[in-house]
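Enquirer: Going line by line, the protein sequences match chains W and E.
FYI, the numbering for the first sequence is 1 to 466, going by UniProt numbering.
FYI, the numbering for the second sequence is 1 to 212, going by UniProt numbering.
Hints are computed from structural coordinates only; laboratory data are not their basis.
In this text the structure is predicted, and so the values were computed from the model without any measurement.
Positions of the beta carbon are idealized from the N, C-alpha and C atoms, including for glycine.
Not one of these hints is a red herring.
When the alpha-carbon atoms are kept at most 25 Å apart in a straight line, the in silico DSS-like pairs for lysine-lysine are as follows: (1) K101(E) <-> K31(W); (2) K100(E) <-> K148(E); (3) K8(E) <-> K216(W); (4) K457(W) <-> K283(W); (5) K31(W) <-> K148(E); (6) K78(E) <-> K376(W); (7) K101(E) <-> K148(E); (8) K283(W) <-> K78(E); (9) K8(E) <-> K214(W); (10) K31(W) <-> K376(W); (11) K293(W) <-> K376(W); (12) K290(W) <-> K78(E); (13) K78(E) <-> K8(E); (14) K100(E) <-> K78(E); (15) K78(E) <-> K101(E); (16) K290(W) <-> K457(W); (17) K376(W) <-> K100(E); (18) K283(W) <-> K376(W); (19) K101(E) <-> K376(W); (20) K78(E) <-> K31(W); (21) K100(E) <-> K31(W); (22) K78(E) <-> K293(W); (23) K283(W) <-> K293(W).
Just a sample of chain E residues kept apart from chain W, beta carbon distances all over 10 Å, derived: (24) S20; (25) L25; (26) V88; (27) N89; (28) Y107; (29) L111; (30) E112; (31) V114; (32) P141.
Label-pair restraints from in silico Cβ distances: (33) F124(W) <-> N29(E): 44 to 52 Å; (34) T291(W) <-> K100(E): 37 to 45 Å; (35) E267(W) <-> Q28(E): 14 to 22 Å; (36) Q104(E) <-> R295(W): 34 to 42 Å; (37) A74(E) <-> N224(W): 38 to 46 Å; (38) F313(W) <-> K100(E): 47 to 55 Å; (39) G176(W) <-> Q28(E): 43 to 51 Å.
Below, each chain spelled out in residue letters.
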Amino acid sequence: MSFLIDSSIVVTSQVLFFGFGWLFFMRQLFKDYEVRQYVVQVIFSVTFAFSCTMFELIIFEILGVLNSSSRYFHWKMNLCVILLILVFMVPFYIGYFIVSNIRLLHRQRVLFSCGLWLTFMYFFWKLGDPFPILSPKHGYIPNNGIESKGILSIEQLISRVGVIGVTLMALLSGFGAVNCPYTYMSYFLRNVTDTDILALERRLLQTMDMIISKKKRIATARRNMFQRGDVNNKPSGFWGMIKSVTTSAPGSENLTLIQQEVDALEELSRQLFLETVDLYATKERIEYSKTFKGRYFNVLGYFFSVYCVWKIFMATINIVFDRVGKTDPVTRGIEITVNYLGIQFDVKFWSQHISFILVGIIIVTSIRGLLITLTKFFYAISSSKSSNVIVLLLAQIMGMYFVSSVLLIRMSMPPEYRTIITEVLGELQFNFYHRWFDVIFLVSALSSILFLYLAHKQAPEKHMTP
Amino acid sequence: MASLDRVKVLVLGDSGVGKSSLVHLLCQNQVLGNPSWTVGCSVDVRVHDYKEGTPEEKTFYIELWDVGGSVGGASSVKSTRAVFFNSVNGIILVHDLTNKKSSQNLYRWSLEAVNKDLVPSGVLVTNGDYDREQFAENQIPLLVIGTKLDQIHEAKRNEVLTRIAFLAEDFNAEEINLVIEKRYFIRDGSQIVGFPDRKRFGAGIVKNLHYD
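Between the sequences and the hints, there should be enough to build the whole structure, so can you do that?
Expert: Laid out in structure tokens, this is it:
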């Protein structure tokens, strides 16, 4: 009986998440496009719904809501469904939509998308070989009824999904950790005055005028040639062809020259346009930084830069000294307060609540951060033809990201709450994932610093020299 | 050459509706082989004989300014685009017949182009609502063009065309529905449906100007 109640609660929350994903898709992602294929929207919302349910079950585990066996059942079912979507459905549909865009293969769409899917599966499988993901106990007699043998077992698939997802998480988090103080702090803002902008605009308009005058000359010259007759266009006979090779009309020589000049000017106008946009954006940021909110973010930026430096430092230490934290921050914090500060309190009660809050914050910020990043990414690169493929790619990334954050979140929880994750995924080498995360995080953060440094150096020189 | 007056016509619309292809078709009499994204603004020139065959014949250069980007873009992009909207003689609004959103966005495009003169500070003060009154005193002639008619199924064409008819009425604009098809690579531009009509409309626009 209680199983039914628990199931209904979980299913209701899944429907809610599905609705939220649907709305997000319609309002934010596909704001400027028309949804022609509803399959895409359904897949996106379903991926979102099941990922959020995973987080919800973790929270329920901490709070002790619902029956433990029904939690376990739903957890397994959820993982199976998510894996089904991430490994079978989404890649297949990505292949299908890519193939639909190519006109030649239009007839045998399904055939070619199956072929693409098989290639994907091959590379996906090969991905797991160089990494020590599964514990050395793998391959022995299974216990607890979990099948650890077999190609399509949950662990095999999740281990590979986890590798990709952890790489993505570390890349994003490394770049975010560096970019966040860079954008918040006004120390890095270049000084832009109105006269700079006006000067650039004037140059832009002058360039456009030059392009226009040259194009007018080309148009007039072409029209004159056309009116004089088509003599130059169609060389008739053998001698005509030889003649046209040796003596080309002087008009056409000039035309190619002018056309080259026009191409160069057009390239220049594009550069000027982009620079002007950049200047306007910087000017707005300067004005924003003078407001109250802007100053608040500025201070926040200083804190974040300290945090970022600390994280890079910790990642280096972890790698160099081959150390993986054994205790989670909650238990460690409680230990410190109890042992060193001598404050006595009910450890069990507080550890539950604090870990709930901590895990909740991590989950919410990572979901929000990911959705915002995905939206920005989508706006930047999608066009009306490729929007379906890109949304499916984003759904795939989102699913993999959430699955691997579940793997990593295990580290932040006290041991008594890790059971639900460990029971199903017990054979995985969790330490490997943390090590891998640190490595990629370090690489990503350092290269972002390098990249931002170069971009920053290059920009002010460009608009100072006229 | 004799001093020729400047006629500046803007070509506005969402990304991917076919503005660059349209401009290329009008000016070069050829179909654009490999359209790519327009960054900023690209200009092309068409030589037009106003009132051809009459004693008042005069040759004009019509400049077609094809402004790229999306209508919901960042305000820095909008402020930069505003630089192109100075002293405009005519506006061509292009929308994609297969994409409803592009026709809805035409209202916002026209507001952006028209409001340039009213708000010199460069900040757009519109709340997105469309008000026909704003166009009542607008002297700039408008032309609405719908592209990609051939990509719509035969059965749905009537429904689409009736919807578009209301759109054109709202703007008090002349309307053409064009076929801009990539298959016409090699053939001559004049074979494309609607092309001779286009020449006459060009004359119509220029005629309007002379009444100012």
